[in-house]
Each structure stands twice: as structure tokens, then as C-alpha cells.
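Enquirer: These are the residues of each chain, in order.
There are 2 protein chains.
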Amino acid sequence: MVSAYTPPVQALIDELGRLPGIGPKSAQRIAFHLLKLPADDANRLAHAIREAKDKVRFCQRCFNVSEGDLCGYCSDDRRDSSIICVVEESRDIVSVEKTGEFRGRYHVLLGAMSPLEGIGPEQLKIRELLARLGPEGVQEVIVCTNPNTEGEVTAMYLARMLKPLGLTVTRLASGLPVGGDLEYADELTLGRALEGRRPID
Amino acid sequence: MVSAYTPPVQALIDELGRLPGIGPKSAQRIAFHLLKLPADDANRLAHAIREAKDKVRFCQRCFNVSEGDLCGYCSDDRRDSSIICVVEESRDIVSVEKTGEFRGRYHVLLGAMSPLEGIGPEQLKIRELLARLGPEGVQEVIVCTNPNTEGEVTAMYLARMLKPLGLTVTRLASGLPVGGDLEYADELTLGRALEGRRPID
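So the protein lines, in turn, are chains G and Y. Take 3 as the starting number for the first sequence in our numbering and just add one per residue. Take 3 as the starting number for the second sequence in our numbering and just add one per residue.
A couple of the hints might just be wrong.
Claimed, not checked - So, partial list: chain Y residues that the calculated Cβ filter (under 7 Å) puts toward chain G:
1) K27
2) S28
3) I32
4) A48
5) A50
6) D71
7) Y75
Said to hold, decoys possible - Far from chain G by the CB rule (all over 10 Å, computed), these chain Y residues:
8) G23
9) V96
10) L196
Hints are computed from structural coordinates only; laboratory data are not their basis. On a predicted model such as this, the values are computed, not experimentally measured, just so you know. We put the CB at the ideal spot given by N, CA and C, even for glycine.
Isolated chain G (complex conformation):
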């Protein structure tokens, strides 16, 4: 009696449960929420999924999400093509853009290396990154992968590939969050903050 739902309901719960971060209980809750919604509201989600899958592809150069062959950053001539910021996902571009500190180009790896999940460099858009360096006259690569194990492994791998090519390869600084409190910093972050200490101007 575990699956006592009528088949279309069970199918919906199953599909929702495949989404990242959605467990069986959440899938159930969302499914019943959708069932209770007016048909138009629920179908708007179905429509948004189809629209996004139909219209959105990946930029042929940087693999950012894009409606055209090239994304907005790649087709914007005012951006500095000598410096590339390498991120794991398209959403990270939005975070970097919000800082207003970067006017170069991007490259999206579409993931990070993870031996545990069997994701190696060949599953990421690393070959495509290497192919851009010469033609675009890249001087510096800023590796903006996440400061976690997968991101660090990916950054190390990229640095090993890129340094012999005579490029400047940099990594985001690790340290205390602005507005944070020393007392609540974990040892690793505090250690990184110490290691990366900078002279006061």
C-alpha cells in the first residue's frame, strides 16, 4: 500500500522527486499543491519548463545559458577578452556580475570535478576553455570555482593545465566574510584568512 496514489499522481511525485534537493516528502507536498492549484497556474510551470527547454541553449563559446548562439557577455564587444572568469555554473556569473568588479569574459564548466560522483575533467567544458585561450588572446584566468572540495580540486587541475601556457592563473581569496564575526569562523576559514593576510594600505 506504499504507492496508493492514482497513477498520474504517482508519476508526478516521481518526477518531482528526481529534482535536486527534493526528497520524497517534499515531492508529495509539491504534487498535492499543484493538484489543488487552478489548472492555469499549474500548467504555467509545465509551460515554463517546455519554453526554457525549447528556447534556452548553452552559449557556443562560454556555455552560459543563452537564447542565441552567443550569450550576452560573449557578444558584448566592450568586455575585456584578455581576462576570463571560470565558473562552475551559469548562476555563478550572476553572483560575479553583482559585484560590479569584473568586466572580462566568462567560461562555464557546467560542473566541478568530483571523483566520488565520477565527474572527471573530460565531463567538464575544460577542453573548450583551452581552445579559447589563443584565439581570444587571454592573459589571465580567474578560477572562480566554489571554495569546497570539488571546486578546489577543479581549481588545482585547471592551474596545472594553464600555468605551463604562460598565463596568469588566479583564485578567489578565501577568508572571513565581510560583516562576519571571528568567534563564529570555522578553523579552516580562519586559517585561510591568516594565510592570505594582506598589508593594510
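Add chain Y to chain G, keeping to what the hints say.
Expert: Just chain Y now, kept in the frame of chain G:
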């Protein structure tokens, strides 16, 4: 630059963010997960939503989800119609069924009373419950709403409506979970467990 996504991506994130328990960050993560999936896999979710909305409606008698006019429990003559278990949502029926302890009928309120969210008795299927009592010869109503504020308020309200009609109105026992540990029980639960203490057979 907060919404720097191309419109179909933003539309998808917005629609996902409307789902219960999905915050803006989760909506983003799920959207990019869907964008990276093969089109067939992502569209299966869109299809499941449309299918469920097309095929599934609410049972005309008990408001359980159903593919026909009446749900499986309402159309099963072997079930005892003199006893009705009142639940907040269809998914609660599955929980009760799993116990194997109940062979009566169900009634789904499609929610619980919540003054904070402006949900009063008229938004729930209470009138429809009252209409079933006479024609179906109901003798006992088990109020199986959740043991939280909303569920308790709903249970009190139902008891006040039903008792004058000469019906037996019961409520699920509150107490320690089986396999639980006294040390970790909160005071309220322990208090209820004491209050509801039963003689040892």
C-alpha cells in the same frame, strides 16, 4: 543586475519559486538542473504536471484525489461507511492506510483552519462532511488532523459541530512515538502522553 537571466530562464525560476518549500536559491538550482537535463527528461516533468491536472480531480464525495467521480475508497462497498476518518490532505489517507487498522471511509478537508493565513471553516470541505453524515449513516467521526495548532483548532471546531448531532467524535492519541526516548520528548508531548495514559492490559 539581480535578474540577469534570459527571460525563459527567469520565468522558469519564478514558477519554481512559487512551489511550497522552494526558496529562490532552490528554484535557481532546480532550473539549472532542468536546463542541463536532456530535453526528454525535463519535458517528462512538464508532461506529468499536465497529465495530473488533466486526469486527476477530487472525489465528489470525500475529496480524495481520484481519476473517476468517486475515489477507490468511496466506491469500495466492503468499507464500513458508519465510520469516517477526517484528514487534512489526500496524502494523509496513505499514512492511515499503511497502519492497516482502519476499514472505514475518509473525508479530506483540503487544508486546516488557520486564522493567520485567513483559512476559516468555509474554505474547507466541512459543509460537505456534514452533508454525508445522514445519508451514509455515520456513527463515528475520527478527526485525524495534524497534531499542530491548525490541526487542533480544526479538530475543536469539528467536535463542536458534530457532537450535538449525537455522533461519537474521536481524536488520534497524542503521546510518545513508538521507539522514542523519554529523554528526548518535548514537554508538550510528554504532557499529552501523561494525560492520555492508559491501563496496562
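Enquirer: Would you list, in rising numerical order, the hints stated earlier that this structure does not obey?
Expert: 1, 6, 7, 8 and 9
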